[in-house]
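Enquirer: Each chain, letter by letter, is given below.
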Amino acid sequence: MKCNQIKKGFSDFLTGEIDKTTRKEIEEHVTACGSCRDELESLSAIWTKLGVLPEEQPSESVRTRFYTALEKYKQSLEKEKAGPNLGKLLDGWIERWAPRRPVFQFSLVLMLLVVGLAAGYFLRAGLQEGGEIARLRQEVHQVRQIAEVSLLRQESLNERLRGIDVTSRVEQSDEGTLEALLRFVSSDADINTRLAAIDALQLLPDYPLVQQEFVQSISEQTSPLVEIALTLTHHIKNL
Amino acid sequence: MNKATDNNLMEQVRDGNVEKLAILFERYHVMLYNFFLRLTSNRSISEDLVQDVFIRILKYRSTYRGQDKFIIWLYRIARNTHVDYLRKRKDELSLGEQWDEVPCQEPTPPEKVEQEQEIVRLSKALAKLPLKKREVIILCRFQNLKYKEIAELLGCQIGTVKALIHRSIKELGKAYFELSGGIAS
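Chain order of the listed sequences is A and B. So in this note's numbering, spot 162 of the first sequence is number 162, and the numbers just go up one at a time. So in this note's numbering, spot 147 of the second sequence is number 147, and the numbers just go up one at a time.
Hints are supplied without guarantee of correctness; some may be wrong.
For the chain B half of the interface with chain A, some residues (derived, Cβ under 8 Å), not all of them [what the hints assert, rightly or not]:
id, residue
1, 45
2, 51
3, 62
4, 65
Note that these hints are calculated values from the structure, not bench results. Cβ coordinates follow ideal geometry from the N, Cα and C atoms, glycine included.
Start from the sequences and build out the full structure, keeping to the hints where you can.
Expert: Written out as structure tokens, the structure is:
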């Protein structure tokens, strides 16, 4: 048999999905052909080496998170069964009242557009432009704060780190955010999260509460890395 | 005692008995975790991806068709979850650079140092492969999927899977050889 045909069976040889006859043919061929023997030996070597990669157990939090999510899902299903769904009611209402013929549908859309434009024109006149922008800024700021607190409450380590990153970009943080960050510094199981929280707190303006908590937390830390980070940040803030 | 089949359990989940997903979770979450761990070389990301897979199963349970083998459907969701993760986090730390950063809980005995270096080298070599090649090696070598199942999952012929596995192992060997500083083992 030619080398090309023999090589086609190499993956079968390695995975064990091979019949006895083909295995024998390959074995006989590689005994006589040095090039094929070298290739099969090098493939077998790396295939065997892969066995060194260990099978690991995930942490217990995977199970906890799954059962929490399943419970939430079951509750949402039960709620759905118990009460009428607002979305479905709205769909039914639209289906009942919306015009069937395209020409009427188009007229309705056009009418709504005109009403919207007119309402916008009259409302605009009543608004103070500067005040409106300030209000919008305030709203954006609040939304960002809600987003950061929401990320900080995540069970996933990666999401918590993202939350801390978002926090460090917000100019002003509210009390909830500060408390969440300080909680991470004092009690998060992961050292990286604690260090990231210290970095984020360092970027914030001076809050007396932060200084007090830092001093208290230094003595409670088990990780020397976190202790050093806390001490340094405390000194920098006091310079 | 008659053990309920995966397909039977998933059909029950699809029909509203979502509690049955717990049995499937217990059967497959460790296997999925290791699938992701070998793809990403990152423990916490792998745990998040396992969680995402089971959330997606709940979300798309109505799309499950009884004739599909559950394991194939599960891996299809797992692969999509991983691809979505790669799209979302493409700007983050590149794959294969994270094994070195796994903190050591205890001092490592000297005899284990070499084995750990081997694990890091193999993980880095795997990470160097294009995603599809990495996937077939993991599915075939570690997840014990048969050619037929891999072909069904990837949507190709069995012959294509065999050829892909052959090329992938060859490329893995080359990457491993380079990482070992060209020292043949």
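Enquirer: Next step is simple, just say for each hint if it's right about the structure.
Expert: The hints, checked one at a time:
Given hint, residue 45 (chain B) at the interface with chain A, holds; its Cβ is 6 Å from that chain's nearest Cβ, closer than 8 Å. At about 5 Å, the closest approach between the beta carbon of residue 51 (chain B) and any beta carbon in chain A falls short of 8 Å, and the interface hint on this residue holds. Using the Cβ-Cβ criterion of 8 Å, the hint placing residue 62 (chain B) at the interface with chain A is not satisfied: the shortest such distance is roughly 12 Å. Look at residue 65 (chain B): its Cβ only gets to about 21 Å from chain A, farther than 8 Å, so that hint breaks.
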